[in-house]
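Asks: What follows is the residue order along each chain.
2 protein chains.
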Amino acid sequence: MKIVETFAEARFARRGLVGFVPTLGFVHEGHLSLIKRAAAENETVLVSLFVNPLQFGPGEDFDTYPRQLERDADLIAGAGADVLFAPALAEMYPEPALTEVSVPTLAEHLDGIERPEHFRGVATVVTKFLAGLQPDRAYFGRKDGQQLSIISRLVFDLSIPVRIIGCPTVREPDGLALSSRNVYLSPDQRQQALALSKGLMAAADLVDAGERDSRALIECVRVAGTNVDFSYVRLVDRRTVQPVGRLSQNAFLAVAARVGPARLIDNIHVDFDTGSPEVDRGIRLTEPSVLYQDR
Amino acid sequence: MKIVETFAEARFARRGLVGFVPTLGFVHEGHLSLIKRAAAENETVLVSLFVNPLQFGPGEDFDTYPRQLERDADLIAGAGADVLFAPALAEMYPEPALTEVSVPTLAEHLDGIERPEHFRGVATVVTKFLAGLQPDRAYFGRKDGQQLSIISRLVFDLSIPVRIIGCPTVREPDGLALSSRNVYLSPDQRQQALALSKGLMAAADLVDAGERDSRALIECVRVAGTNVDFSYVRLVDRRTVQPVGRLSQNAFLAVAARVGPARLIDNIHVDFDTGSPEVDRGIRLTEPSVLYQDR
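Taken in sequence, the protein lines are chains U and B. Residue numbers for the first sequence follow this note's numbering, so the first one is 1 and each next one is one higher. Residue numbers for the second sequence follow this note's numbering, so the first one is 296 and each next one is one higher.
Since the hints were made in silico from the structure, they are not lab data. One or more of the hints may lead you astray.
[Stated by the list, open to error] Lysine to any residue pairs mimicking SDA-like chemistry, simulated, CA-CA at most 25 Å apart:
(1) U/Lys36 with U/Ala202
(2) B/Lys331 with B/Asp566
(3) U/Lys2 with B/Pro456
(4) B/Lys331 with B/Thr581
(5) B/Lys331 with B/Leu393
(6) B/Lys297 with U/Pro161
Kindly produce the complete structure, drawing on both the sequences and the hints.
Replies: This is the structure we're talking about:
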C-alpha cells in the first residue's frame, strides 16, 4: 500500500475504477468491511485518514480523538487498500476553509439538532474528497444513517459522478455497533450502551412480525432502554430524513444516547427495494473488535 | 459543434484537455472572448448554456431573461466551441436542489448585500458544473469580479482540480461593459450608463499617475456619475473582497448602479503580479456588440 499526503499524489496513484473509503482513522471492522467491499468491486482502493476539524463542534473531542497512524495503516493495508491518503491539516486547509457545503433540510433533524455544525463539516469535507480525488464509487457505513442520506443527496444535487454505496453496520458479538468512540466507555457504561442495539433488534423483530406503526417501533426501543438518556428515537425516511408514521418506504429507525462520556448512535435500515420490507440488522463479529487489541 | 443535454453526454464528448465556459446564454463578445481563449488553450471547448434559477432572487428577471438558443448556438460555435451543453431544467434539477454551496465571508459584500441569494446560487451551480463536467480549465469574465473571487476560492477550498482563469471585460466602443442586460436600456438610459465606465477609466488614469488612496479613486468614480444611483463604489482586495485603504495588492475597483430597469455592474482590476500595478481596463470593441444585431 502506498501512503500519500497530497491530493495530486492520490489522484496520480489511481488506476482503473477507483473505490474510495473516507475515515477519521482509529479504524475498526466497520471501516475494514467498507475497504474489503471496495477491494472486491474496484481496481484501486483509496482510503483517506483525516480527523476533520470542521465536523467537530466546540467542546467535542477533536483534540482527544484517537490518532494512531501506524496501527491504522497496517489494518487498512491488510483489508486490501492500495493507497492511503493521510493529508496533514496544511494540505487539507492551507488557508481557513471559507467554502461551506450543506444540505440544510436533511441536516436539521436527529443529530443536526445537538450538533448543528457537524453535517456542514461532513458535507464540506466529503465534497472536497470527491471533487479532489474523483473516485468512481464511495463507501459509507449505514450506521451513520443521516450522514449517508446527506451525502447521497449532495452527490445527486451536485451531479458528482460517483456512486455512493451504504454498507451494513458492523457489531460486536453482543450487538453494540462499532464506533471508534466505544473505547471511551467504562465496562459499566459499555454494558449500559447495549440497550441501544437490544432495543433496535427487538424493533427489527417487530417489523419482521408485521408491525408498521412507528409509535410501536419507537416504544419498543424506549422500553429496552429505560435507563438510557436518549437524545432521540425516530423512524425516518431515508431520502428526506423526515419522520415516518407508517413504515412503507426505505427508512431507518435511529437512536442517539449519551452514555457516560460518549454520544452513541445506532440504527437499523429497512429496505423496501424488493417490495416487502427487509431489515438490515448489520453484521456481528464473532470476536471483540480490533479496537480493544492495543489497549 | 455538438449540442448535448445531459452531464453524461457532455463528459463523454470530452477529448484531451478540456476548457469550460459557463453562460446564461444571450451571449455577447464577452462570452465569445472566453470561448476563443479556451479554444486557444485546450483540445475540447465545452460551453454551458443554462439560465440558472438558483441565482435569481425574487422579483429579478429570471422569467424574462432573453433565451435564444439558436442565435446563441451559432455564435458559440463560431467562436470555436466543440460541445454546447444546454440542459433542460429537469436535467439540472430533477428534484429540488437541497444542497447549498456558499462562501459567506466573500459573498456578504458588494452585490451580496442587495442580492443575498445570488452568490449561493452561483457557487452551487458552478460547483455542480465543475464536479459534473470535470474540465481542466474554466474561464470567467473579470467583469463579475466578486463572482470570480468566490469561484476561485471555492475551487481552492474544495480541492477541485480545475484552473480558474479570469479574462478581461469586453466593452462597447464607447466603454460600456458588455452585459446581456444592456438590451433592457433605452437610448437615454444607455447614455446615462456610460458614467460607470467613464468614472472607472478616469480612476484607472489616476492609478497610472500614481494614486494609491482608495478614497481618491472612489471619489473620482462618484464625480463622473453624479447623476447615477450607485449601489456601491468600492476598492476591494481580490482574494477577500474586503475594502482596501491603500492600493498595494491585487484588487478591483467595483461599481454597481441601477439605471432604469437594469442593475449594472462594472470594475477595473489592478494586478500587482509583476510588482508594479497594472490596470486592466478591458478590451474595446470597434463596432457595437452582437447584442444589438437581432433587435
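Asks: Given the hint that lysine 297 of chain B pairs with proline 161 of chain U, does the C-alpha gap stay at or below 25 Å?
Replies: This hinted pair holds, its Cα atoms lying about 21 Å apart.
Asks: Taken at face value, is the distance from the CA of threonine 581 of chain B to the CA of lysine 331 of chain B at most 25 Å?
Replies: Satisfied, since the Cα-Cα distance of roughly 18 Å is no more than 25 Å.
Asks: For the pair supplied as a hint, lysine 331 of chain B and leucine 393 of chain B, confirm whether the alpha-carbon distance does not exceed 25 Å.
Replies: 35 Å, violated
Asks: For the pair we were handed, lysine 331 of chain B and aspartate 566 of chain B, check the Cα-Cα distance against 25 Å.
Replies: Holds, at about 23 Å.
Asks: Under the criterion that the straight-line Cα-Cα distance not exceed 25 Å, is the pair lysine 36 of chain U, alanine 202 of chain U satisfied?
Replies: 29 Å, violated
Asks: Given the hinted pair lysine 2 of chain U and proline 456 of chain B, is their Cα-Cα distance within 25 Å?
Replies: It holds: about 21 Å lies between the C-alpha atoms, which stays within 25 Å.
Checked against the numbered hints above, the structure violates hints 1 and 5; every other hint is satisfied.
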